[in-house]
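K.L.:
Each chain is listed here by its residues.
Number of protein chains: 2
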Amino acid sequence: MIVTCVNVYVKEEYIDDFIEATIENHKNSILEPGNMRFDVLQQKDDRKRFTLYEAYESPEAAAEHKMTEHYLKWRRTVADWMAQPREGIPHDVIAPLERNQW
Amino acid sequence: MIVTCVNVYVKEEYIDDFIEATIENHKNSILEPGNMRFDVLQQKDDRKRFTLYEAYESPEAAAEHKMTEHYLKWRRTVADWMAQPREGIPHDVIAPLERNQW
Chain V
1 MIVTCVNVYV KEEYIDDFIE ATIENHKNSI LEPGNMRFDV LQQKDDRKRF
51 TLYEAYESPE AAAEHKMTEH YLKWRRTVAD WMAQPREGIP HDVIAPLERN
101 QW
Chain H
1 MIVTCVNVYV KEEYIDDFIE ATIENHKNSI LEPGNMRFDV LQQKDDRKRF
51 TLYEAYESPE AAAEHKMTEH YLKWRRTVAD WMAQPREGIP HDVIAPLERN
101 QW
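Residue numbers (our numbering), protein chains in the order written: chain V, 1 to 102; chain H, 1 to 102.
Isolated chain V (complex conformation):
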């Protein structure tokens, strides 16, 4: 299992567009066979900041996500809306370790 926390900082005028494009990416990503979660969060005290919580059952499944059509479309779509480059931080899972808890 691998969980990547992606920190996103969006230009203020593109917040709504970013949310729309990222919900579409979420809907497609959770259908990938190796996906466990793909949560989209907006920071309470700064609406320009988002966290994507991308959980995959293996590093290979996480890598395959980046080759999907929906990811590539999302990446292209949001490129000009970033206020700074995204930062993805990969993690190992300590708990829960049961696959059915994801």
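These aren't lab readings, by the way, just hints derived from the structure by calculation.
Treat each hint with caution, since some may be false.
Chain copies aren't distinguished; within one or between two, either way the pair holds.
With a straight-line Cα cutoff of 25 Å, these simulated SDA-like cross-link-like pairs (lysine to any residue) come out [to be verified]: (1) K73 x D45; (2) K11 x V78; (3) K48 x E32; (4) K73 x I23; (5) K11 x P59; (6) K27 x P90; (7) K44 x Q84; (8) K44 x R99; (9) K11 x V93; (10) K44 x A61.
Mind docking chain H on chain V? Use the hints.
P.N.:
Same frame as chain V, now just chain H:
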């Protein structure tokens, strides 16, 4: 719904102790009625850094977590093991919005 991402930086010599105490906190926290997730993650490229992913169905439920015996015990236990203060970042949920997806 509210998700707090807690960034933790542990002194190297206490990594194993921190993992043990935090797994215990995880096991108790997921039993709280308002809890949706309580994931414990260790950063791949720096084993001293952890992320706690604490999802609750309401801000009230998240606040109640901080009054539970297991949270207070965990807080006391890990206090001296921190390399720097923990940082909790609260988020609103954009997706998934269905309660049963948590």
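K.L.:
State for each hint whether it applies.
P.N.:
The hints, checked one at a time:
1. Within a single copy, K73 and D45 get their C-alpha atoms no closer than 29 Å, and across copies no closer than 29 Å, so neither meets the 25 Å cut-off.
2. Proximity of K11 and V78 under a CA criterion of 25 Å is satisfied intra-copy only: 10 Å inside one chain copy versus 38 Å between copies.
3. Neither within a single protomer nor between protomers do K48 and E32 lie at most 25 Å apart by alpha-carbon distance, with minima of 28 Å and 31 Å respectively.
4. For the identical chains of this complex, K73 and I23 are intra-copy neighbours only, at 13 Å inside a copy versus 38 Å across copies, given an alpha-carbon limit of 25 Å.
5. For the homomeric pair K11 and P59, neither the shortest alpha-carbon distance inside one copy (30 Å) nor that between copies (27 Å) is at most 25 Å.
6. With identical chains, the CA atoms of K27 and P90 are at most 25 Å apart both within one copy (21 Å) and between copies (23 Å).
7. In the homo-oligomer, the alpha carbons of K44 and Q84 lie at most 25 Å apart both inside one protomer (19 Å) and across protomers (23 Å), since each shortest distance falls under that limit.
8. With identical chains, the CA atoms of K44 and R99 are at most 25 Å apart between copies only, with a shortest distance of 19 Å across copies and 30 Å within one.
9. In this assembly of identical chains, the alpha carbons of K11 and V93 lie at most 25 Å apart only when taken from different copies (19 Å versus 32 Å within one copy).
10. Taking the shortest alpha-carbon separations for K44 and A61, only the inter-copy value of 17 Å comes in at or below 25 Å, while the best intra-copy value is 30 Å.
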